[in-house]
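Participant: Each chain, letter by letter, is given below.
2 protein chains.
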Amino acid sequence: MTLRLDVALDERSYPIYIGAGLLDQPELWTSHIRSSQVCIVTNETIAPLYLQQVEQSLADKQLATVILPDGERYKNLDTLNQVFDGLLQAKHNRTTTLVALGGGVVGDMTGFAAACYQRGVDFIQIPTTLLSQVDSSVGGKTGVNHPLGKNMIGAFHQPRCVLIDTNSLNTLPDNELAAGLAEVIKYGLILDLDFLSWLEKNLDALQQRQSEALAEAIYRCCQIKANVVAEDEKEAGKRALLNLGHTFGHAIESHSGYGNWLHGEAVAAGTIMAADLSERLGWLSSADVERVKQIFSRAQLPLLPPKGMQPDDFMSLMAVDKKVLDGQLRLVLLRQLGEALVTADFSHEALQNTLSSLTSH
Amino acid sequence: MTLRLDVALDERSYPIYIGAGLLDQPELWTSHIRSSQVCIVTNETIAPLYLQQVEQSLADKQLATVILPDGERYKNLDTLNQVFDGLLQAKHNRTTTLVALGGGVVGDMTGFAAACYQRGVDFIQIPTTLLSQVDSSVGGKTGVNHPLGKNMIGAFHQPRCVLIDTNSLNTLPDNELAAGLAEVIKYGLILDLDFLSWLEKNLDALQQRQSEALAEAIYRCCQIKANVVAEDEKEAGKRALLNLGHTFGHAIESHSGYGNWLHGEAVAAGTIMAADLSERLGWLSSADVERVKQIFSRAQLPLLPPKGMQPDDFMSLMAVDKKVLDGQLRLVLLRQLGEALVTADFSHEALQNTLSSLTSH
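Those sequence lines, one after another, are chains F and V.
All residue numbers for the first sequence refer to the numbering used here, where the first residue is 42 and numbers rise by one.
All residue numbers for the second sequence refer to the numbering used here, where the first residue is 42 and numbers rise by one.
Just chain F, same shape as in the assembly (with noise of 0.2 Å):
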């Protein structure tokens, strides 16, 4: 079965295919492709898995791959200019069309040298990992980190289309899964307590990698998320209840080196501390942070940021986030269990007092 979900956009539509078996089914994505050249970008993790795959599926077209190497320490400005040098080498024009095929990393360097390369063109998302098929799948953001901050370098480019194929997560590490896990946990957080309550119930299914269960979890997490970016592309506002727990993860992230900690692992981390300090606001009950802290540890999650990592290193990562303005900190926050917002309104006080007692362990 092929589930397909239509992403509204002002500009353009586009579609997401999600199923078992889809990379068996080149058409539904090949039509997609307006061009007689195409550059398939991946990494040396996933080229030896699905590579000829694709690369047959291409079979009539002037084709180029880039291997680039695998992980968030080489998703930067040099790597990226692997695809451009790629992309002149084989002499492709303006009317090439570059294919992702990877994780989190490729697609958004994929996605970011599509949107730069001769100022612009086409590309198709092939997310082979749980968190870039409910992520990087909607919304558009590319881009690549810089040394002081995640993702402080990219743009907005969506896709010509998404193909979701639930069975190249069989190849996935359990790691990984359990990181994509974090971001599929986030949606019903923020915005469906249906959701929440259908994943306690079926996160055994999930993690046995269950076909359907993980389409449907895939197909509901992107929903929710083209719902969100449809009512703000640009990210003016909605759209930034999509970071839960992004600020203190990022943050998280930066401290330990990129790649050290999964996205995911420091996004449960950093959604435990907000609800910790919504909990301090009075919005959440105890029984509710418990209730986020169970589904996480299920989810084999780390509930803690990593050892050693003080309050002052919070403050300090946090104030370039994107979500600061005139120089105040604002972050995702729970007012209840299935509905986040974004705030300012917080004092000082109750912040440091979530990042005292969960850090120094």
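Derived by calculation from the structure, the hints in this document are not laboratory data.
Among the hints, a few may not be true.
Since copy identity is lost for identical chains, a pair holds within one copy or between any two.
Straight-line alpha carbon distances no greater than 25 Å define the calculated DMTMM-like cross-link-like pairs of lysine to aspartate or glutamate that follow [said to hold, decoys possible]:
#: 1; residue 1: LYS102; residue 2: GLU85
#: 2; residue 1: LYS132; residue 2: GLU272
#: 3; residue 1: LYS132; residue 2: ASP119
#: 4; residue 1: LYS242; residue 2: GLU68
#: 5; residue 1: LYS132; residue 2: ASP386
#: 6; residue 1: LYS279; residue 2: GLU85
#: 7; residue 1: LYS334; residue 2: GLU380
Since chain F is already given, all that's left is putting chain V on it; use the hints.
Facilitator: Quick look at chain V alone, frame taken from chain F:
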């Protein structure tokens, strides 16, 4: 006297202010800044001349300054990263405003940095060379070069406003004034025969840097370009006309190593190649071509490509031009003086004859 031209675009309009001594009227442009953080980007040549005055105009802002090395050879991703370094070290957030103070390289890089920093921030242009005043002020093209091609990495990003102080041309070296005149002449050739005649009458005044003549020429160029860009912001069609001489010219710049030939010098020689090919196709008379050569010659511009550059050098460098569609080279040529067209409708032989007759001299 201050001239004001409004560039009308779907999403936003912005004003270009043109006149002598406008840097002494800071309220003209600082009123377009919506943020408390401002980052000036300039280069080592311009900083000693104008930076202090611009900084004083921004005394009430949280100010950062990035001074780049001067020259086309630094228009690359590495130098771009210096702007991101400066922004992040000063903890500028996504409401910051970048101010480009300098010529085309500073403008293109600052605009691209603004397009990418935190996925897009405001920027203002203060172009200080004739070339950048008539070229980069309108159109929103930003970007950097790649060793394999000029402007291959970039974005479309519109400024909040443009301030053109014709007095800044008093410090411009003669060869850079001439290079700017090449683009000025181009506007007459492609779309405005009256303006070409005006230029033939007023070239001496422009070369003597008379303010009123400069302001009028700049205004007319920006107006022509604004009309073209309003019709075709993303360069699907008419906008390509602005690239008369540029496909040949980019090949010259690339072959010579960026910065050895000024962009305008390469455009002058490239325009004469386009005129020569247009004559071979029966569109221009030999008298027309002579008239083209005459005005470029009076403006102290080169009429031929660099010695030693061969027809094959052009063919191979032009193959990655952004106007190549599915492998077919398209060129901007002249149907008559004052009327350019984009066409692939020329024989390989005619192009080879143009290349042979104007190279190996």
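Participant: With identical chains, the pair LYS132 and GLU272 could be close in the same copy or across copies; at 25 Å between alpha carbons, which is it: within, between, both, or neither?
Facilitator: neither (38 Å within a copy, 29 Å between copies)
Participant: Check LYS334 against GLU380 for me: Cα-Cα at most 25 Å, and say if that holds within a copy, between copies, both or neither.
Facilitator: The answer is within: 17 Å in one copy meets 25 Å, while 70 Å across copies does not.
Participant: If the cutoff is 25 Å on CA atoms, where do LYS132 and ASP386 land: within, between, both or neither? Let me know, please.
Facilitator: Answer is between; shortest inter-copy Cα gap is 22 Å, intra-copy 53 Å.
Participant: Given identical chains, is LYS102 near GLU85, meaning Cα to Cα at most 25 Å, within a copy, between copies, both, or neither?
Facilitator: Answer is within; shortest intra-copy Cα gap is 23 Å, inter-copy 47 Å.
Participant: Taking 25 Å as the upper bound on the Cα-Cα distance, should LYS242 and GLU68 be classified as within, between, both, or neither?
Facilitator: neither (35 Å within a copy, 62 Å between copies)
Participant: Since the copies are identical, ignore which copy is meant and state whether LYS279 and GLU85 lie within 25 Å (CA to CA) inside a copy, between copies, both or neither.
Facilitator: Neither. Shortest intra-copy (36 Å) and inter-copy (43 Å) distances fail the 25 Å Cα cut-off.
Participant: Indicate which option fits the pair LYS132, ASP119 if close means a Cα-Cα distance not exceeding 25 Å: within, between, both or neither.
Facilitator: both (20 Å within a copy, 22 Å between copies)
Violated hints, listed in ascending order, are 2, 4, 6; each of the other numbered hints is respected by the structure.
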